[in-house]
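Participant: Listed below are the residues making up each chain.
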Amino acid sequence: MSKSRDGNFFEDFKLGQVMEHATPRTVTEGDVSLYTALYGSRFAVQSSDAFAKAIGYRRSPIDDVLVFHIVFGKTVPDVSLNAVANLGYAECRFLKPVYPGDTLSATSEVVGLRENSNRESGVVYVRSTGRDQEGAPVLEFVRWVMVRKRDKSAPAPEGYVPQLEKAVDAKALGAALPPLDTAAYSNALSGNSRRWDDYEVGEKIDHLDGMTIEEAEHQLAARLYQNNSRVHFNQHQQGQGRFGRRLVYGGHIISLARALSFNGLENAFHVAGINAGRHVSPTFAGDTVYAWSEVLEKVRLDRPDAGALRLRLVALKDKAAASFALKTGDQYDPAVLLDLDLWVLMPL
Amino acid sequence: MSKSRDGNFFEDFKLGQVMEHATPRTVTEGDVSLYTALYGSRFAVQSSDAFAKAIGYRRSPIDDVLVFHIVFGKTVPDVSLNAVANLGYAECRFLKPVYPGDTLSATSEVVGLRENSNRESGVVYVRSTGRDQEGAPVLEFVRWVMVRKRDKSAPAPEGYVPQLEKAVDAKALGAALPPLDTAAYSNALSGNSRRWDDYEVGEKIDHLDGMTIEEAEHQLAARLYQNNSRVHFNQHQQGQGRFGRRLVYGGHIISLARALSFNGLENAFHVAGINAGRHVSPTFAGDTVYAWSEVLEKVRLDRPDAGALRLRLVALKDKAAASFALKTGDQYDPAVLLDLDLWVLMPL
Amino acid sequence: MSKSRDGNFFEDFKLGQVMEHATPRTVTEGDVSLYTALYGSRFAVQSSDAFAKAIGYRRSPIDDVLVFHIVFGKTVPDVSLNAVANLGYAECRFLKPVYPGDTLSATSEVVGLRENSNRESGVVYVRSTGRDQEGAPVLEFVRWVMVRKRDKSAPAPEGYVPQLEKAVDAKALGAALPPLDTAAYSNALSGNSRRWDDYEVGEKIDHLDGMTIEEAEHQLAARLYQNNSRVHFNQHQQGQGRFGRRLVYGGHIISLARALSFNGLENAFHVAGINAGRHVSPTFAGDTVYAWSEVLEKVRLDRPDAGALRLRLVALKDKAAASFALKTGDQYDPAVLLDLDLWVLMPL
Chain U
0 MSKSRDGNFF
10 EDFKLGQVME
20 HATPRTVTEG
30 DVSLYTALYG
40 SRFAVQSSDA
50 FAKAIGYRRS
60 PIDDVLVFHI
70 VFGKTVPDVS
80 LNAVANLGYA
90 ECRFLKPVYP
100 GDTLSATSEV
110 VGLRENSNRE
120 SGVVYVRSTG
130 RDQEGAPVLE
140 FVRWVMVRKR
150 DKSAPAPEGY
160 VPQLEKAVDA
170 KALGAALPPL
180 DTAAYSNALS
190 GNSRRWDDYE
200 VGEKIDHLDG
210 MTIEEAEHQL
220 AARLYQNNSR
230 VHFNQHQQGQ
240 GRFGRRLVYG
250 GHIISLARAL
260 SFNGLENAFH
270 VAGINAGRHV
280 SPTFAGDTVY
290 AWSEVLEKVR
300 LDRPDAGALR
310 LRLVALKDKA
320 AASFALKTGD
330 QYDPAVLLDL
340 DLWVLMPL
Chain B
0 MSKSRDGNFF
10 EDFKLGQVME
20 HATPRTVTEG
30 DVSLYTALYG
40 SRFAVQSSDA
50 FAKAIGYRRS
60 PIDDVLVFHI
70 VFGKTVPDVS
80 LNAVANLGYA
90 ECRFLKPVYP
100 GDTLSATSEV
110 VGLRENSNRE
120 SGVVYVRSTG
130 RDQEGAPVLE
140 FVRWVMVRKR
150 DKSAPAPEGY
160 VPQLEKAVDA
170 KALGAALPPL
180 DTAAYSNALS
190 GNSRRWDDYE
200 VGEKIDHLDG
210 MTIEEAEHQL
220 AARLYQNNSR
230 VHFNQHQQGQ
240 GRFGRRLVYG
250 GHIISLARAL
260 SFNGLENAFH
270 VAGINAGRHV
280 SPTFAGDTVY
290 AWSEVLEKVR
300 LDRPDAGALR
310 LRLVALKDKA
320 AASFALKTGD
330 QYDPAVLLDL
340 DLWVLMPL
Chain E
0 MSKSRDGNFF
10 EDFKLGQVME
20 HATPRTVTEG
30 DVSLYTALYG
40 SRFAVQSSDA
50 FAKAIGYRRS
60 PIDDVLVFHI
70 VFGKTVPDVS
80 LNAVANLGYA
90 ECRFLKPVYP
100 GDTLSATSEV
110 VGLRENSNRE
120 SGVVYVRSTG
130 RDQEGAPVLE
140 FVRWVMVRKR
150 DKSAPAPEGY
160 VPQLEKAVDA
170 KALGAALPPL
180 DTAAYSNALS
190 GNSRRWDDYE
200 VGEKIDHLDG
210 MTIEEAEHQL
220 AARLYQNNSR
230 VHFNQHQQGQ
240 GRFGRRLVYG
250 GHIISLARAL
260 SFNGLENAFH
270 VAGINAGRHV
280 SPTFAGDTVY
290 AWSEVLEKVR
300 LDRPDAGALR
310 LRLVALKDKA
320 AASFALKTGD
330 QYDPAVLLDL
340 DLWVLMPL
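Protein chains in written order, with numbering that gives the first Met the number 0: chain U, 0 to 347; chain B, 0 to 347; chain E, 0 to 347.
Here chain U stands alone, though its shape is the one from the complex (with noise of 0.2 Å):
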């Protein structure tokens, strides 16, 4: 019998079952510098210890996005490796600052299973849990996704699907955000005087730039997040395939448009949680990646540092994003990549 593994299968999962994923990981000062050489974030709290700590933080925190690729990337050879599509997330929140230093564990617990009915594949819900050395959770997030069968005849698990929440109730956020001393959070410094208060629901943001991926870059990424879903790297293969090329890994392009969104949205450096999210389009070495993004809702915290963005960030391809595509009708517009619906912290 062979030693190596291919992964579970849709009737290999039941409903209830705990996963404990492999390979803990140190997160260091390294992963912090790839992380900014891969897409040139520029929030000053991550990107500077002084400025952190002025604020309130021990040092400068790992950024929120990096924490949940390392996260997922650890989920990734148990629960989605035969994996057809990534269909969506639901009631991600962040939990606690991960420092450098710090290791990240992951299980996940199947909440939710569904057959398809060309018995060839079915969706999976879980829910995963990131988790430091000490065992604090410092992450959870909910996942579906789409899994091809071993065998079409198996018998399907039972089915369940879950209720997820439309959006993470904004009086769960900020768990992972140290009270601020916010008079000496400089504007200068962090690049804009723009707080909480200036931003009105309804605004669209165009985040002016683009970056165009390269194969290699996309490649860094998904290793450095110990992700090993075969699509990303292997050009044999895929050459064979439906798409003919590598496909980049989804996190990618959230975190692409994330930096993007720096431009704009200076202040907005902690994402506290992720209400939803759906990879509209599959994205490829040479695209060009613009963001834009939109006020959805603000909301105060019961904290007097910090108020909470509701945000929809939407990724497109090769298109400038003054246009602000999203759909025509309920048709995204072909340029969608990524519609994401998240809530950012901003001091107040």
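The reader is advised that the hints may include incorrect statements.
[Unchecked claim] Here are the simulated DSS-like pairs of lysine-lysine, each with C-alpha atoms no more than 30 Å apart in a straight line:
| # | chain 1 | residue 1 | chain 2 | residue 2 |
| --- | --- | --- | --- | --- |
| 1 | B | 52 | E | 297 |
| 2 | U | 170 | U | 203 |
| 3 | U | 318 | B | 52 |
[As the list claims (entries may be wrong)] Far from chain B by the CB rule (all over 12 Å, computed), these chain U residues:
| # | residue |
| --- | --- |
| 4 | 111 |
| 5 | 133 |
| 6 | 160 |
| 7 | 168 |
| 8 | 284 |
| 9 | 297 |
Think of the hints as simulated: they come from the structure by calculation, not from any bench.
Think of the CB as a built atom: it goes at the ideal place given N, C-alpha and C, for glycine as much as any other residue.
Please arrange chains B and E on chain U, whose structure you already have, making use of the hints.
Facilitator: Same frame as chain U, now just chains B and E:
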């Protein structure tokens, strides 16, 4: 009104204006590793903590040119986002060693302005200063760039062309070089026994090797420096422009040439100043960079451990440096990418 | 006379000559992150400080193969800059764990020389030793390379072909493996419960995944190791050569195959020695690398915590490893890139 910023145009600058640039940056061992991976530099002082400590540093200092790039990167959003061309450098001095863990920030003062006769753009001169977390200056330099006007009919700011030194006075060099224990400086480990005494004015050195640039490499580099100049990253936009391609950040060529110059200048581990510099031609992915140096001047400093060499460092494209190509008459050889005039210090 | 060096030619070597190589190198967390981004390795011991500490390390050790590459890189300017081919490895042993912050340097002794009958080149055998900042050996290996002569008519150095061990004696293994607390070794976190007892001599493992190599990736890798062999970096020159392309550093293939081998060898976290190795064919950007392993030998060591497996690790190009392609008669399958014979240790 849009929340995102598309940078300053020529008419936005005022003589004497001081800009405090955004996004302070803690430099780390991760940045050092990436810098090594991007250029392959082999100077022992910057590579080995043990070597650096033995001769008088606290530990390996950050490569001078990396410090330059990080400080430069901070000035881009305010100074050169709308630049047509980066015209020159002068009066650049390195003032204090930077170590992993130090946080760099930058300010710039507008020291010169001159509208072009076509009234479509003008030249902006800025003196930029990089400081560490204690506010101590680590680097100072003047650069001038041609910046577009937003509106051709806008009145030009008051004009003034600063008098810049032709070269940094050798007496002003060495602030970033601690007293060296030259006896502890191992020629075997540094790679060569030739020190300051062994070089002669007028001699030329072919650095032999060549490095071909990939898109992913120069993009990773510029993002590492948080340099957000659009021309480096956006093929969708650049494809429609004058060159049809992304432009490589000029500083990338400086770092490549500097790393190549190790072969023949093994003990010139410290760049103390830059007198002048010109990016003669644009560089693109696929170009192979070669480098050669000429010793322009030798100065004994008022210290017993090190002397200064003034070098011309030339980078060529797709042409071996054995040619020592430079100019025919007043005309640069078409292979010349960079013509840099710098001071390096070498142990006696 | 030129100040730059173009390396030693065959007639420059002398039997018994000892070379102290340049550029000592402090290995850092930054190098670890880059190594992860380049290969995606997932062995828990090297990934998690918490995991490593629990079983008896001070913290996560540097990946053995990364240590090999850094030491190897130092030998290149003196040993193989004028090499036509890297012919083989033998008697490689890892002698002490290397941790972030350690500084590596290298020496080599010429242990064999043999001129080729065409008098245009010869084979140089060197025994290279990597040492840490305290002078303690961390790695030792013999390699032999075919090196060009500068001058065909130059007299050949005295010839001698050393007797090399067919394999490293298993009794000599394990110096770099601290006593393990095997009870604290979590199978869930390591990714598999199979330990030394679960492998059998003769069994073959298809490591399933494939990785396509990009130019930027192998260049970043070789520069990270400060390996300045020209064939990896210079398309302008290589384009005129035999292959028309840049050659990928052979060690890059070793690291790719080793990282792929995690799938099926999850607990074989320590490479203790290399018995023999051959780069069967050159590798180029665009090639997709697959890997398979065969268990050649099992040895119980004189310690209660770990056993040794002798493996053949084979890397293939553009051919799935399910083929277990190797040789037809004496002839290697054209897909074979690497045939490596190594010792790995596994917890009992």
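Participant: Run every hint past the structure and note whether it holds.
Facilitator: Consistency of the hints with the structure:
no.: 1; hint: B:52 to E:297; result: violated (45 Å)
no.: 2; hint: U:170 to U:203; result: holds (25 Å)
no.: 3; hint: U:318 to B:52; result: violated (52 Å)
no.: 4; hint: 111; result: holds (38 Å)
no.: 5; hint: 133; result: holds (24 Å)
no.: 6; hint: 160; result: holds (39 Å)
no.: 7; hint: 168; result: holds (27 Å)
no.: 8; hint: 284; result: violated (9 Å)
no.: 9; hint: 297; result: holds (14 Å)
The structure fails to meet hints 1, 3 and 8 from the earlier list, while all remaining hints are met.
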